[in-house]
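*Asks:* Those protein sequences? They're chains S and Z, same order as listed.
Numbering-wise (my numbering), the first sequence opens with residue 1 and increments by one.
Numbering-wise (my numbering), the second sequence opens with residue 1001 and increments by one.
Some hints here could point you the wrong way.
Stated by the list, open to error - A few chain S residues that face chain Z, going by a derived Cβ cut-off under 10 Å, partial list only:
#, residue
1, Ala58
2, Gly76
3, Gln77
4, Ile82
5, Gly83
6, Leu103
7, Leu107
8, Leu110
9, Gln117
10, Asn133
11, Leu135
12, Asp148
13, Ile154
14, Val291
Bear in mind the hints are in silico, worked out from the structure with no lab data behind them.
For glycine and all other residues, C-beta sits at the position ideal for the given N, C-alpha and C.
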Amino acid sequence: MPSTGEAIRTESLVREFGDVRAVDGVDLQIPVGEIYGFLGPNGAGKSTTVHMLCTLLAPSGGRALVAGYDVADQPGQVRLRIGVALQEAALDPKQTGTELLELQGRLYGLSRREIGQRVAELAELIDLGDFLNRLIGTYSGGMKRRLDLAAALIHNPEIVFLDEPTTGLDPVSRVQVWSEVRRLNQQLGMTIFLTTQYLEEADELAHRVGIIDNGRIVAEGTPTELKRSVGSDLIIARVEGDAERVSSVVKSVPGVLSVESHGNELVIATGNGSAAISPVAVALAGSEVAVRELTLRTPTLDDVFLELTGSHIERADAEEERL
Amino acid sequence: MTTIDHPVPFPAGPVIRARPAGWLRDLASIAGRALRAVPRDISVVIPPVFIALFFFIVNIGTLKNVTSSIPGFNYTSFEMATAILLGVTGVSRAPALVLDVQSKYFDRLLLTPVRRTAILLGHMAADVAVAAVLTVPILVLGFILGVRFHDGPLGVAVFILLASLWSLAFAGFAYAIALKTGNPAAVNSTFLLFFPFLFLTSSYVPRSQLSGWLNTVAGFNPVTYLLGGLRSLVTGTGWQWTQLGEALLAVAIVGLISMTMCFAALRGRVKRG
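Let's have the full structure, built from the sequences with the hints guiding it.
*Replies:* Shown next as structure tokens:
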């Protein structure tokens, strides 16, 4: 890899589909060895960005360097250095797991001995046992995901793109993938670009998180930094009717840093939630609206997303699905 | 499901890294995969051979006596070329390629450094091998029924080669549709080309016996010349260079058209724009 110290760098990266600008000027700088979480709702531009970075799509504008090579001008060099597990496990049901991994190895130029070594290592990693010699068409969804991950790793890539690697997996399999992602990063030093719509996943794994919405990066930082940006503690009040009507009442409570209203929900940022929750409750009780629910918690990345975009990431997903 | 809670041993030696495999190795790897899939997808190759053997026998039973008045005419030898073309025309891995596109496995291949042309040519190399193998049972039946090649094993080899090249030329249309549409139903529609190619020609009787309009159409059908070349190996004496040359030219023209179409479709499919 050219010694830039950066695994991925994009400058004003754009991708258009007709009149739709799916990715709209994305700038990324991801150092070697980092797990970068790319967070956003469905349709935000995550997968399109990944498809450009892994050379499946050409950018409409801007520039992207992966492992120091331009994805538009030197896609072959990029492909030698990356491993990709796309959102849907891209496997051939008519091959066995072993055959698929061996074919991957041959296409990456590995020798017969190297392929044997890597298949043995990956077989232990993905723990498929005898299933590795059965047709992939007989695998469960979780087994396919694990094999897909192994196929992405056969050539020891410098950078691994994992596009929503746990979508559709059960909680046990999800934790298993998290464990593997950490191991790849810590033991093998791989840079990992992880797209996800699960806030917990980004929080759990990523050194840094970029939040994308409508094709633009709206925030970037460590999970701690991002969460701190919305306050130390959050008091969430759900009220009957429009929460905006009582926003000014709560703002005047001592200890409250900021108040945002979203529909029937008030998000109250405070430096010390346990001290502020009683005065907030009293203030709301004396207001003209009925309080249905009052909760105190530390901020999550969803709160960051809410503050930046005005909607919860899960709701944005649901709206996307309705469309 | 078990969880991974154990450290996986990592090689102490130099780290294995990817490197370009080379075009020929890419081609062999893709062809090997396509060939491995054939016995697992045997239903794709059994019907054409069955149809070829069936019509070989039925046509001999039906038309041998009708053509017996033609001096020096051996209908069994004449009909074997038709049987071979019935067996190998339309045999390809194009439907499997469509499934690769649909299952996104095609994208997985594109994510590797494999040469894009090797993906297509690897499938085609496998098709040629499969077509060559499919000629064997038809040839065996022909030998049993008394067909003889006047130029011995070399004649047999040329016969198989011509049939396999034709199979490849015809398969080009299926690959073009597969790569252009990614739709299995559209690929199956390639079968519509099968009828004019195989039946608007001298498939069942010599061209001299065809009625006026059909004889005219047969003159424009490349399969007429292919059949002529194939039959020259079993009905004539010595190498009939003119007929063999016309057969090769006919296959080359069809192949040029179909390959132009399918490589254009490949460019469209792998275009990243």
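*Asks:* Hints the structure violates: just list their numbers, smallest first.
*Replies:* As far as the earlier hints go, 10, 14 are violated by this structure, in ascending order.
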